[in-house]
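Visitor: Under the numbering used here, read the sequence shown as residues 1 to 310, first letter to last.
FYI, nobody ran anything at the bench for these hints, they're computed from the structure.
Incorrect hints may appear among the rest.
[What the hints assert, rightly or not] Distance ranges between label pairs, derived from CB positions:
1. F189 / K73: 53 to 63 Å
2. M148 / N280: 39 to 49 Å
3. D224 / L65: 33 to 43 Å
4. T156 / P123: 45 to 55 Å
5. G120 / T237: 47 to 57 Å
6. S99 / T241: 46 to 56 Å
7. A292 / L77: 18 to 28 Å
8. T237 / F189: 38 to 48 Å
9. D221 / N58: 33 to 43 Å
10. R104 / W284: 38 to 48 Å
Yeah, the Cβ is synthetic: ideal placement off N, Cα and C, and Gly gets one too.
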Amino acid sequence: MEFKKGKWIRQSKAAAIFLLAGAMLLAIYGSFAAYTNFNSVKRVVSTGTQSDTMFGSNYLTLMNLSDTSIPVKRISLAGNNDNYTFTVQVCNYVWGDESLYNPRQISYTMKAELISMDGGPLPGDCTGIKMGGTYFNTDGMCNLGIQMLATGDANTNEYKIEIPTSLKDKIKIKIIAEPETPSEEAVNFQKLAAILSFADYEVNKNWTGHFIDSKTSRKPDDYDAFNYEVSGNGAGTVTVTWPDSLLLSKWATNGEQTSNSYTFNVDGTATAIQFQFYKNPEKWKALEGWEALEKLVTVEFKEQNETETK
């Protein structure tokens, strides 16, 4: 009887250890699932890049090909009384280290788009802007087509941007250098992009909002979530309001769930803030297009001197 009892105790201990190990595996799997689910949501606006990507620029930022949330950069301009100029460089090496150049040839498209500083239509006098010697079209677009970066050495393509001085405070320029399909693997499935802003902060004291995804060919009903950008200039408070059919991502509010209204401070050193809205499955109704979705969200700005504008 003593032997049987000892054997039963040893078997019970083994079973307990097995159950404990199983519980630990479940906990680890649960944590991993939560982590991967979190990242799948965050990928809506992920701008993570690989530091060893041999594709770089002096002004443009490396981003995943699928990313639509493009960073805004404010740059200084130099020039004469008529035009400001600056040069965008695109290279086949890790920016800052020409010894790390790409062993493969890179082909990419170089495109740019003019954006009004106030979020509305382009100014009527928005002419005379050039990139790489090519004028922007009346619709604000400039497409330089396919560009090449040869292999065998560190190479750089330069694109001189010319802007009439009268337009400096009225526009931003979105520039994207996107690899052609055969070159995607060579650049780790990354693209180079940025929205370049030139306005003095005190010039345009107003903030407006728009859905970044509206620039795609897809419709709002094709998405489960949307990237939203509030842009402008000036210090004060910005209030964003929306209906029950939308839910603001709680990452925008440091983990707190906010309904229908979100107010935050701007100190005048930023020109754009981006966050995400998700569809509320209980309240969402099909929309005719992006214009209808834009009307659901309003942005109000109040300057520090208490003068309120919309």
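Visitor: Run the structure past the numbered hints and jot down the numbers of the failing ones, going up.
Guide: 1, 3, 4, 5, 7
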